[in-house]
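Enquirer: Put together the whole structure using the sequences plus the hints.
Keeping their order, the protein sequence lines are chains A and B. Here the first sequence is numbered in this note's numbering, starting from 13 and rising by one per residue. Here the second sequence is numbered in this note's numbering, starting from 947 and rising by one per residue.
Derived coverage of chain A by chain B (criterion: at least 3 residues anywhere in the stretch with Cβ under 8 Å from a Cβ of chain B; other residues may be distant):
hint	stretch
1	56-63
2	113-125
Chain A residues, not near chain B, derived (Cβ > 10 Å throughout):
hint	residue
3	Asp20
4	Pro24
5	Val31
6	Ser66
7	Glu78
8	Gln83
9	Ser85
10	Arg89
11	His94
12	Ser96
Simulated from the structure, these hints should not be mistaken for laboratory data. Glycine included, each C-beta is placed from N, C-alpha and C at the ideal position.
Each chain is listed here by its residues.
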Amino acid sequence: AQSVTQLDSQVPVFEEAPVELRCNYSSSVSVYLFWYVQYPNQGLQLLLKYLSGSTLVKGINGFEAEFNKSQTSFHLRKPSVHISDTAEYFCAVSTGTASKLTFGTGTRLQVTL
Amino acid sequence: GAGVSQSPSNKVTEKGKDVELRCDPISGHTALYWYRQSLGQGLEFLIYFQGNSAPDKSGLPSDRFSAERTGGSVSTLTIQRTQQEDSAVYLCASSRDTYEQYFGPGTRLTVT
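Expert: Here it is as structure tokens:
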């Protein structure tokens, strides 16, 4: 079985500052890693995914994440956040195509002026 | 094109009543998933369909929960004899057998 840990439940940050949202996972098999964003009263939108290849993946809205196998981490970063980035961010893993996603508990990113 | 749609968007029901939640996946997506999002439990997997069959039902919390999918398209999640702990947002996602799942806006269920 696999699990995902997002240690930070909330991350406050000022607009235009950089941000990192942490994600660690555990699994006995190879996993595929995802970050989803959820805006208020909306469903989940895929930000980026790591399937294989380059460990640095770039996604939408200027976000990027780096897969670190030795540290079993997949931290999400953005060099300069905007007010509109305020949302809930979920890290997730799956073990293959047509496979369920296992989610972390989410990190609330609050961007203020 | 059209995304995943779910209905109703909100449902308030009395404890003990049955409810049906509907999901319309993206056309051509053969895989369909149901998840539940609640304050206490976070995002939990409920059931996965491939076509009309459900090879993974491991997340259904009790036998009060059931789901079906017809014509390889629309899916219905049914909760019988609802309890207050069933209150949550129920999310549906579909996939064209790739790693990426596309989520609907969810149905917010409130059991009073």
